[in-house]
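Two chains, two frames, a set of hints: combine them into the complex.
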Amino acid sequence: MSEIQNYTINFGPQHPAAHGVLRLILEMDGEVVERADPHIGLLHRATEKLAESKPYNQNIGYMDRLDYVSMMCNEHAYVLAIEKLLKITPPIRAQYIRVMFDEITRILNHLLWLGAHALDVGAMSLFLYCFREREDLLDCYEAASGARLHATYYRPGGVYRDLPDSMPKYKPSRWHNEKDITKMNENREGSLLDFIASFIERFPKCVDEYETLLTDNRIWKQRTVGIGVVSPLRALQLGFSGPMLRGSGVEWDLRKKQPYEVYDKMDFSIPVGTMGDCYDRYLVRIEEMRQSNSIIHQCVEWLRHHPGPVMLEEHKIAPPPRLAMKDNMESLIHHFKLFTEGYCIPPGEVYAAIEHPKGEFGIYLISDGANKPYRVKIRAAGFPHLAALDEMVRGHMLADVVAIIGTQDIVFGEIDR
Amino acid sequence: MADLQALLNQIQNKIGNTYIQSSEITLGELTLELQSQDLLEVCRLLRDEPSLHFEILIDVCGVDYLNYGVSEWTTNDATRTTFSRGVEENVSEIKWDKPRFAVVYHLLSITHNHRVRLKTFAFGEPPVVPSVIDIWNSANWYEREAFDLYGILFEGHPDLRRILTDYGFIGHPFRKDFPLIGNVEMRYSASKQRVIYEPVSIEPRTLVPKTIRNDHRYLEEEN
Chain S
1 MSEIQNYTIN
11 FGPQHPAAHG
21 VLRLILEMDG
31 EVVERADPHI
41 GLLHRATEKL
51 AESKPYNQNI
61 GYMDRLDYVS
71 MMCNEHAYVL
81 AIEKLLKITP
91 PIRAQYIRVM
101 FDEITRILNH
111 LLWLGAHALD
121 VGAMSLFLYC
131 FREREDLLDC
141 YEAASGARLH
151 ATYYRPGGVY
161 RDLPDSMPKY
171 KPSRWHNEKD
181 ITKMNENREG
191 SLLDFIASFI
201 ERFPKCVDEY
211 ETLLTDNRIW
221 KQRTVGIGVV
231 SPLRALQLGF
241 SGPMLRGSGV
251 EWDLRKKQPY
261 EVYDKMDFSI
271 PVGTMGDCYD
281 RYLVRIEEMR
291 QSNSIIHQCV
301 EWLRHHPGPV
311 MLEEHKIAPP
321 PRLAMKDNME
331 SLIHHFKLFT
341 EGYCIPPGEV
351 YAAIEHPKGE
361 FGIYLISDGA
371 NKPYRVKIRA
381 AGFPHLAALD
391 EMVRGHMLAD
401 VVAIIGTQDI
411 VFGEIDR
Chain R
418 MADLQALLNQ
428 IQNKIGNTYI
438 QSSEITLGEL
448 TLELQSQDLL
458 EVCRLLRDEP
468 SLHFEILIDV
478 CGVDYLNYGV
488 SEWTTNDATR
498 TTFSRGVEEN
508 VSEIKWDKPR
518 FAVVYHLLSI
528 THNHRVRLKT
538 FAFGEPPVVP
548 SVIDIWNSAN
558 WYEREAFDLY
568 GILFEGHPDL
578 RRILTDYGFI
588 GHPFRKDFPL
598 IGNVEMRYSA
608 SKQRVIYEPV
618 SIEPRTLVPK
628 TIRNDHRYLE
638 EEN
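If you read the sequences in order, they're chains S and R.
Heads up: the first sequence at position 117 corresponds to 117 in our numbering, and the numbers run straight through without jumps.
To get our numbering, take the position in the second sequence, counting from 1, and add 417.
These aren't lab readings, by the way, just hints derived from the structure by calculation.
On a predicted model such as this, the values are computed, not experimentally measured, just so you know.
C-beta atoms are modelled at their ideal positions from N, C-alpha and C, and glycine is treated no differently.
Some hints here could point you the wrong way.
Cβ-Cβ distance ranges computed for the label pairs, FRET-style [stated by the list, open to error]:
1. Arg322/S with Arg604/R: 40 to 48 Å
2. Phe131/S with Gly588/R: 41 to 49 Å
3. Pro232/S with Val601/R: 44 to 52 Å
Listed next, the in silico DSS-like pairs over lysine-lysine satisfying Cα-Cα at most 27 Å (straight line) [what the hints assert, rightly or not]:
4. Lys316/S with Lys326/S
5. Lys337/S with Lys316/S
6. Lys49/S with Lys593/R
7. Lys169/S with Lys205/S
8. Lys49/S with Lys87/S
9. Lys169/S with Lys179/S
10. Lys49/S with Lys515/R
11. Lys257/S with Lys536/R
12. Lys54/S with Lys431/R
13. Lys49/S with Lys536/R
14. Lys49/S with Lys337/S
15. Lys431/R with Lys593/R
16. Lys183/S with Lys171/S
17. Lys316/S with Lys54/S
18. Lys87/S with Lys337/S
19. Lys326/S with Lys179/S
20. Lys54/S with Lys593/R
21. Lys54/S with Lys515/R
22. Lys431/R with Lys257/S
23. Lys536/R with Lys87/S
Coverage of chain S stretches by chain R, computed from C-beta distances (three or more under 8 Å per stretch; other residues unrestricted) [as the list claims (entries may be wrong)]:
24. 39–49
25. 53–66
26. 187–195
27. 233–245
28. 248–262
29. 331–344
30. 375–381
Same shape as in the complex, but just chain R (with noise of 0.2 Å):
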């Protein structure tokens, strides 16, 4: 694999540093933050600049941040059923300062053998975010789906549609504020001889809180 820094260098020579918000090189990866009216352009570039030629788009995923660093952890009601009565439900504290969705682009160049990651943040209800589909037609159903989940609009998509959940469903079900166990249930009704939908019956259990733990060991790494 490319040397990482070179490979930023040669992105903020041949794109300017003005379309890149942050960049940053982790554990063996290298990922650029842009602002979404830059996307299109920065991506063309990135697909067409001979040095750099991404031409695979590998994946688009959407990111809901909604509850980012928060823990459901508090001990003081815990019974001996399950955890759950001891897990905090209304999530109030929001550590994340930055918009709620983002859209994630992993792209890999077959060429020169390397990959990025793109991170855009949507702004606004419904969240929107440009579409990459003239550059790279595999996006097609990539932003289906991110629609579908998570419901970010993709301007300039022909086809729009949901994609893998059912027909006519409502909501979208990856956002951080729709319930597990969903909102309704489907049954055969011998009355109706049909498919009817109804109000989930179940209660949301959780089997086991979300903790976090500043553990020792990764915070001496850091400093």
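The following block holds chain S by itself, in its conformation from the complex (with noise of 0.2 Å):
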């Protein structure tokens, strides 16, 4: 009989399963992973570094390109840690707007997560079906930043803009006619709340359909079920958070624990796994989605009845409004101010930590009195996640390293960073 040896295989970083440019190096005994070892920074652009060079607003866009499927997320963290060093709280408005993008946001990216994790199983249908939610959602995001992807939305103070009276629609063209475009024009005619309201009526029947296609789904189950199990210790000792963490079991949600805007005024619920596997992580980001839904859905209830100011009034931080500078010395100055050398901020240090759809997204801030940061660290979510890998692939088959990166929802984007 001859002697087999262990081989050794390169796995991406041009891999559709690799989400992106992991490398993985991955020792294997036959068909089971023995030892894998990520190769990450294919995609490091250095952003805590860049952050150093620039005003403090100017690096709202830096974070979102992060962690590039949860835009507002990002931005969200890093706007809290300098309105935690300056002592500022935003109007009440601009707080249910940004927890209602938040939760918009959880669900772009859950929809992705379940998108792309279904096609690397297998289920080719399935990602279609999470497109065309998330195309509505984009265009929540386009309505309101005028961005589809990158919104630079969240602001130090508050919100850019408050949210639109209209939506944008659906022109004819040689592809659609006129009634066709009425159609798909009908729940565009009122604000961007109605659109959104219109959006969550139907997005629960939408994530049924989904788990009608997985969730009893023979194929699905054995693709996911015992695969990738972390027992709750495990997942704490390796600093496991998000959806990786209450799939196995332990309840965390700093939604709930340690609540940021107005979360403290959401009735939601902590969905938590039992067994720590991948199916379990489904189960649990399913259900987020639908809690999602309904905090989207008490924040609409909330904006519609009360208007107000989105941002704050005090413009050494935040511009003045385009028109008052056109008559008004003062807001001239604050605007050239704003905009050329920006606001210095006190010296000290901040971490600023938000539940973003993967896990805990912190960004501590360390001031020394200037106008730019002196030190930004980024803690990103996926980051501990794929350092457990190895851990978790070990001793299960070569497919099964797929099925545990889809699991982790890994975007290279923030744990290059």
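So this is what it looks like as structure tokens:
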């Protein structure tokens, strides 16, 4: 009998299941993984160092590009850190808008995760369903901020502007006639809030659709049940957070335990898993989408009846209205100073964390009193998860590596920073 | 969130004041400063003491205090192009009287729902601190990252390799004396049929200089 040796496989960085630019060195014994060594950093852009060379507000755009599927949540942590150092609180309406968009972002993120994860494991059609709903949510992003992905909508002191009264509409074209267009624009006749309201009414049924395709699907269960099991104790040791921690049965959610903005006024529950395998994490995320849906509903109701400012009137931090600049000398000076030099933040250090769709996303900010941050450390949610990949895949088959990468919800924008 | 003063008292009771060099409660956060030789002992106590129970290591990060509190603003030579020429390039004035490198740990206890930040200064060149990987396994990559970006060595780390930078990278890019534009750039050379590294061809620019203004609004609060 010939001696069979272990061999090494190079997985990625250009592999569709590597979710970006993950390079994995897998030591295999037959088809069983003995050791996995993720090589990261192929998307490293030194965001933290770049941020040290720019005034505070100019860095908000960099935050979008960290986890590029949950843009506004990244901004949120950064903006919260600045607000904490400046000791300012945004107006209540801005807080509700932020919570609403955080939850929209959570659904956006989970939809992409669900589509991509299912695609990796072999369920092709779900990807298309997920993107159908994502499209509508990205339209909400566009209506509010002007950009579909990199919104830069949250600002220290509030949000960039109030929610618009109208939605952008489809126009007739060679491919869609007048009649089609009227039907497509049906839920776009009112304001952004009306559009979101129609979305959240429809969305639970969409989640049911996804569940019909997956939850009791035999192949899906074969691929995910009992794969990548992490015990609660190990999950804590490995620094997990978010759905990865909750999937292992630890009830921990910053939105409930250390509420920021107006999460303490929201009524929602935290789903937790029992087994700590890929299937439980799938169920947790599915339930989170339903919970997010209900939070958005509560925010929409509140926002409809409570108009008000969405930005602080403090013009040392927030720019004055465009109109005031035209005939008010002081406003013009404020505007000029803010957009050239920026504002200085008193010396100190602060850590602000939010419940990002992927886990705890934190910004550790050190200010030395200048108009630029002295040090920004981004605590990416996916970083400790990927670090635990080695432990999670040991003893699993090669095909399970793909399922485990999928369940970790890896996005390289934030891991490599 | 738990009362921070109570938490501090508890930590002082359990750990003893000798270990804690200084403590600070600002902006709703508790920071403890430790000596690096005491780090492991304190961390183990923080994790295992039932009333503290910091079971999650949220983050480890390096900090370089080289230019702390030094602004770049000199207006004499500013020209129309950018502010670049108006920026003092060679920073000489150092206002920081502590060691240059620090390592900051963020801990979280989910049993008691409280957080603490530990800060320890790393001495020597290369700076060294003990590794907490045996206490919290998640420290593995965080420490590799701090080593990669700041060149801080973690004593006892089993696999201290670079993590974020390129294979064969030279230098520690997040140090304040490492230029933002880097030292080398890479391109594909058609003649050599491979990727080659060359010294950077771009020039550093400062679009917005760093200024420090002691705003009266914040000074009043302190007094």
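Problem - Violated hints - listed by number, lowest first - result: Numbers 12, 15, 19 and 26, in rising order.
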